[in-house]
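Participant: Please model the entire structure based on the sequences and the hints provided.
Number of protein chains: 2
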Amino acid sequence: MPELRKDPIIDRWVIISTERGKRPHDFVVEPEVTKGGFCPFCPGNEHVTPPEIMAYRDPGSAPNSPGWRLRVVSNKFPALVIEGELDKRGEGLYDLMNGIGAHEVIIESPDHHANLSTIPIAQFVDVLHAYRDRIMDLGKDDRFRYVLIFKNKGRSAGASLEHSHSQLIGLPIIPELVQEELDGAKRHYQMKERCVFCDIIRQELNQQQRLVLENQEFLAICPFAPRSPFEIWLLPKAHHSSYVEMAESSFWLLAEIFSQTLKRLDAALKGVPYNFILHTAPLRQRNLEHYHWHFEIMPKLTLMAGFEWGSGFFINPTPPEDASRYLREVEI
Amino acid sequence: MPELRKDPIIDRWVIISTERGKRPHDFVVEPEVTKGGFCPFCPGNEHVTPPEIMAYRDPGSAPNSPGWRLRVVSNKFPALVIEGELDKRGEGLYDLMNGIGAHEVIIESPDHHANLSTIPIAQFVDVLHAYRDRIMDLGKDDRFRYVLIFKNKGRSAGASLEHSHSQLIGLPIIPELVQEELDGAKRHYQMKERCVFCDIIRQELNQQQRLVLENQEFLAICPFAPRSPFEIWLLPKAHHSSYVEMAESSFWLLAEIFSQTLKRLDAALKGVPYNFILHTAPLRQRNLEHYHWHFEIMPKLTLMAGFEWGSGFFINPTPPEDASRYLREVEI
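Order-wise, the sequence lines are chains A and B.
Quick note: the first sequence, position 228, residue 926 per our numbering, numbers continuous.
Quick note: the second sequence, position 259, residue 957 per our numbering, numbers continuous.
By construction, these hints were calculated from the structure, which means they are not laboratory data.
Errors might be hidden in some of the hints.
[To be verified] Label-pair distances were calculated between CB atoms; the ranges are:
| id | chain 1 | residue 1 | chain 2 | residue 2 | range |
| --- | --- | --- | --- | --- | --- |
| 1 | A | Phe-775 | B | Lys-968 | 21 to 31 Å |
| 2 | B | Glu-891 | A | Ser-858 | 43 to 53 Å |
| 3 | A | Glu-946 | B | Gly-782 | 51 to 61 Å |
| 4 | A | Thr-732 | B | Val-726 | 13 to 23 Å |
| 5 | A | Gly-735 | B | Cys-737 | 39 to 49 Å |
| 6 | B | Asp-840 | A | Asp-897 | 26 to 36 Å |
| 7 | B | Val-726 | A | Ile-780 | 48 to 58 Å |
| 8 | A | Gly-790 | B | Arg-1023 | 46 to 56 Å |
| 9 | A | Pro-764 | B | Met-699 | 27 to 37 Å |
| 10 | A | Asn-913 | B | Glu-781 | 40 to 50 Å |
| 11 | B | Met-699 | A | Ser-759 | 29 to 39 Å |
Yeah, the Cβ is synthetic: ideal placement off N, Cα and C, and Gly gets one too.
Facilitator: Spelled out as structure tokens, the structure:
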């Protein structure tokens, strides 16, 4: 019997096929075709990208030249532009404003073939630091209310360049899905005086059914109502609403579990394209009692089709209890 | 300057690239590869599908044999099952119920190569009648609260069989996106005592900027804040909340404008995959003052990537004003 499961935070239902559950080898993952040729993200080509906004580099090396471990630049084809005023206005019934925002690329490594699932932990820490540093910096611009950090890995997940990179978009409004999550978490808090994510963590550590990995400070779970087969959430065990509140000493542990999680995903579903998204409190909002930052990793294994577009429902052919078991048991 | 535009019904924002707007030939539409081979939807193979639930057939022809113009069967691999009780329950923090529901396939024509954009209008009327008849029939089952009618055309839009068909899923809950739309429309009605869709129709007929086609009773527009390039909505000009309320005399006009719209889409973007979804009032709800049934057609030209997954925002590289002009002017 399939199950209808509800996400405990927002009103999102998924249909889980519990009977003919798809296993990792039931999914056809198209191998990525390496295009080769010129790469604007490789060292030596710094002049091709917009000038760097930030970089972690060797002492003494000059900006926009080789010698960097990680580099952040504006997106050359930005969805939003950084200069200008919002100029909120109406057009009859409709509301619009200028597309002001930040759109940046975080080049995660100078190595063209680097992959987050295999880079050294120290390098992963650089990536996680860069996320924090860019959120902190953009938070100083009052026009922005939210910075969304995300990664598209693989062409079918939306990556147009193969050199490993993440992106961020700074927005003048709080995105709908973020607001829904904040509202859902607040409703739970108002009813129970507890953070819904803390409740989830407690239940998952207790049940062990959907747990993928844990260490002293973090855990990786397949969520109860996942939109995508092998969807994974990474959460800090202690309550923190904003990613930028994370203690310096926690970055290594986060990088370790994140790296391990991606390694396991890659071992279970060789080269699977994925998206991940950092869910954190809006800019300049600190210490929210009802919200809990986390990463959501969404492997690209199913299509958005008419049913999903029309309903907001997802059909997931792999129960998270099965997915987490495959991920725990896979040889890496 | 890109624009941030808000959907007037729900809190959904899109980023419209007004400057480097993509024109039809900027999109690469992968041609569908015809697989050939055995087709379970072709006449003569009726025994391969589950037994027919309904068919429009020649007088005297027997069920589950050739002689039909249109045939509705259960999906052989249903996402939900029709038999059983919902058995709503909790698992600690989580809510779930049995996956009870209807999942049916509407085989639109006996002709394997038929295409909604080229079939005769009378045949299109059959398809539109079938949608109504199935909603009416499933509405008698009190376990169901909503019937979602949708079509996936083309492999990348989610169609696994090429023989032209639509689908329906009958659900024991009102899907999140439908509820959001109902709520948004109700908020507008409470403020203005007018239907938001009627307001949209008035503005679009007045401005003519996003109008694709109109006839006596219907219009096709590119909506102000479309998620997808060349997204099109088809709406009845007169206020009706439920598709099943449509007068018999209106079906021909709807079929005509629907056919013309798909023809134009296909002429502008040769063989483009698409989804369309019928948005109508929940089962057994009639004459809602705030809601207005319509079809939404979403060509598959962009990917859902990390940004879309994380924000609920969409980035649309083609302004609807440009899209509607292309669609109006394309030679068919």
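Participant: Does each hint hold? Answer for all of them.
Facilitator: Structure-based check of all given hints:
With their beta carbons about 26 Å apart, Phe-775(A) and Lys-968(B) fall inside the hinted range of 21 to 31 Å. Against the hinted window of 43 to 53 Å, the Cβ-Cβ separation of Glu-891(B) and Ser-858(A) comes to about 48 Å, which satisfies the hint. Taking the beta carbon of each, Glu-946(A) and Gly-782(B) are about 53 Å apart, inside 51 to 61 Å as hinted. Roughly 20 Å separates the CB atoms of Thr-732(A) and Val-726(B), a value that falls within the hinted 13 to 23 Å.
Remark: the range hint 39 to 49 Å for Gly-735(A) to Cys-737(B) is upheld by a beta-carbon distance near 42 Å. Judged by the Cβ atoms, the range 26 to 36 Å given for Asp-840(B) and Asp-897(A) holds: they are separated by roughly 34 Å. Distance hint for Val-726(B) and Ile-780(A): a CB-CB separation of about 30 Å, inconsistent with the stated range 48 to 58 Å. At roughly 19 Å, the beta carbons of Gly-790(A) and Arg-1023(B) sit outside the given window of 46 to 56 Å.
In this structure the supplied range 27 to 37 Å holds for Pro-764(A) paired with Met-699(B), their Cβ-Cβ distance being about 35 Å. Between Asn-913(A) and Glu-781(B), the C-beta spacing of about 45 Å keeps the proposed range 40 to 50 Å intact. The hint said 29 to 39 Å for the Cβ distance between Met-699(B) and Ser-759(A), and at roughly 36 Å that hint holds.
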